[in-house]
Amino acid sequence: MFSVMPLRAIAFQCLFLLLAIAIEAAVLREALKLPYRKSVEYAASINLLSTAVGWLIFFSLEPLVPLNLKFQLINCIFFDQWSSSIAAWVILAGFATFFISFLVKLSGLDLLRLLLQDKAEKEPEQETQVEKSRRYQNTVRARKNAREGPSRANAVLIANALSYTAILLVLFIRIIVPADTRL
Amino acid sequence: MLDAIKRFFQQFWSQFKPPRWFSWQTLIFLSLFSWGMSLLNSVLSDTEFVQDFLATMGWIFLTLGVGWALADVKFEFLGLTIYPGPWITGALTCTFLFEGVRDEFPALSFVSWPLISAAIAAVPKFLKRGPEFKVPDAKGRQELVILFLVSIILSCWFSFHFLLQDWLGDYPSILADRFDRSAFVINTARRLRVSDSRGVLILNLAETIVIEQLEGRSLAETELWLFNVESRVADIEAQILQRISSLEENVLWSLEGSVSGDAPRYTLDLRAVWQGPSSYLEGYFLQKSCFITQQPVQNRPAASPPTVSQVACEPISDLLPLDSIPTSQGS
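Sequences listed follow chains B and P, in order.
For the first sequence, the residue numbers in my numbering are 1444 to 1626.
For the second sequence, the residue numbers in my numbering are 1152 to 1482.
Calculated directly from the structure, the hints in this document are not laboratory data.
Just to be clear, a hint being listed does not mean it is correct.
What the hints assert, rightly or not - Pairs of lysine-lysine residues, derived as DSBU-like cross-links and limited to a Cα-Cα distance of at most 30 Å, are as follows:
hint	chain 1	residue 1	chain 2	residue 2
1	P	Lys1290	B	Lys1513
2	B	Lys1481	P	Lys1279
3	P	Lys1279	B	Lys1513
4	P	Lys1225	P	Lys1290
5	P	Lys1290	P	Lys1276
6	P	Lys1285	P	Lys1225
7	P	Lys1225	P	Lys1157
8	B	Lys1481	P	Lys1290
9	B	Lys1481	P	Lys1157
10	B	Lys1476	P	Lys1290
11	P	Lys1279	P	Lys1290
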């Protein structure tokens, strides 16, 4: 039962996670002006979240694939044989993965901020807002949205793109390296 | 003698005596006591309920005791502080919880282990002195988020492992192939065995059937059989697929035969062809060559033919890539 184990998959996943967290932490720190520790924590959280969501999507789709595609999948996983008929699927899945992971990371970041917000921080902000005139408040909010909303989405998009580029680079190196010297 | 035993027990007790009554040692003793009573019960009477109940209490005491004992154990690794306690407690809990369904769902206890361990590790963060419930501070919440996400990914890895085991159960012939190129799995078995491929089973059955059908037949009958080799082999394939255990991979196997040579010596090549997933681009096949010769009949009765067929088969070949099938010569 334990003679065949997905240890290479686990090793690659760890490597990719470390790569992505390192890159995205740097991007988030620059774009959102976060302290070092927070940026790493945020990057780790959103990347772990998108990985977990990816696994759950895989496990929910796996029973649904037709038999022919299942053989192709087994071929890819056990023997690294990519036939041309599955290549289109892989490219499609790659695009889907990129955009789904972007959305998951963006909403994950929002959720995380909501979750980590301290009540002590929130209350004084509300008090001061009550004092301000509604009009002023609106302009402040609009400005805040304009400043923060798109920039956050931008930051996550750039971070995601850079980490995917790095992962693709590693996969590309793996293709170039001859099979007998691989991991 | 009695004194010696008494002294031994005194020493034992002073060594292992719980420092306080409210301590983890007490729990471990309670669990040992429960198990002892359960064992005693199974020897003396046969009340299954009492026995199970006591064993269950034993597990619960053991889990709590171990969890308590390991609460403060930690070690440093690569700058991270690792607390092994929740993981061991989680493992005990999973073993205990899913003992009954282990044969049916072997994956369940492994998949839930990281989740249950994370839950156990999270409990102290929700407690403050009293003990009372509290909401952890922002730092604690961030730690919890990462802890739970990591444990979800760990249990996904376990599920992936068991998904692969399911596939290997449905398609066991994959095991005879090389996983060197794979980016996902390694095979820790030292050597590949061709015998893992069920083609070996199929060819061995085919051999016995061919011997059954040809041995002792006259040259004319044998030649008729060999002339119709394709339909004969198709019959044999159908027979074999009924005889071997029905797995999902059976549709991926096919049996082929080709005849070469000239009267009175023929060679029948039996090939089990695998068209499923493999490291060979086109699939592979296993081959067994059978030599069919004519032997003179010793002190034959008047009506029987002068010679009869004899079948001798070679051992099975290694995995051969499918594009290297030799073109068969006519029978």
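Verification of the supplied hints:
1. For the given pair, lysine 1290 of chain P sits about 44 Å from lysine 1513 of chain B by alpha-carbon distance, which is inconsistent with the 30 Å threshold.
2. Pair hint lysine 1481 of chain B plus lysine 1279 of chain P holds up; C-alpha atoms about 25 Å apart against a cutoff of 30 Å.
3. Only pairs whose Cα atoms come within 30 Å are accepted, and lysine 1279 of chain P paired with lysine 1513 of chain B is rejected, the gap being roughly 51 Å.
4. Restraint check for lysine 1225 of chain P and lysine 1290 of chain P: satisfied, since their Cα atoms lie roughly 20 Å apart, inside the 30 Å limit.
5. Between lysine 1290 of chain P and lysine 1276 of chain P the CA atoms are separated by roughly 11 Å; this keeps the pair inside 30 Å, and the hint holds.
6. A hinted pair counts as satisfied when its Cα atoms are at most 30 Å apart, and lysine 1285 of chain P with lysine 1225 of chain P qualifies at roughly 24 Å.
7. At roughly 38 Å between alpha-carbon atoms, lysine 1225 of chain P and lysine 1157 of chain P are farther apart than 30 Å, so this suggested pair is violated.
8. Only pairs whose Cα atoms come within 30 Å are accepted, and lysine 1481 of chain B paired with lysine 1290 of chain P is accepted, the gap being roughly 10 Å.
9. The straight-line distance between the Cα atoms of lysine 1481 of chain B and lysine 1157 of chain P is roughly 62 Å, outside the 30 Å bound, and the hint therefore fails.
10. This hinted pair checks out: lysine 1476 of chain B and lysine 1290 of chain P have alpha carbons roughly 19 Å apart, not beyond 30 Å.
11. Straight-line distance between C-alpha atoms of lysine 1279 of chain P and lysine 1290 of chain P comes to about 15 Å, which keeps the hinted pair within the 30 Å bound.
Figure legend: structure checked against the earlier numbered hints; hints not met, in rising order: 1, 3, 7 and 9.
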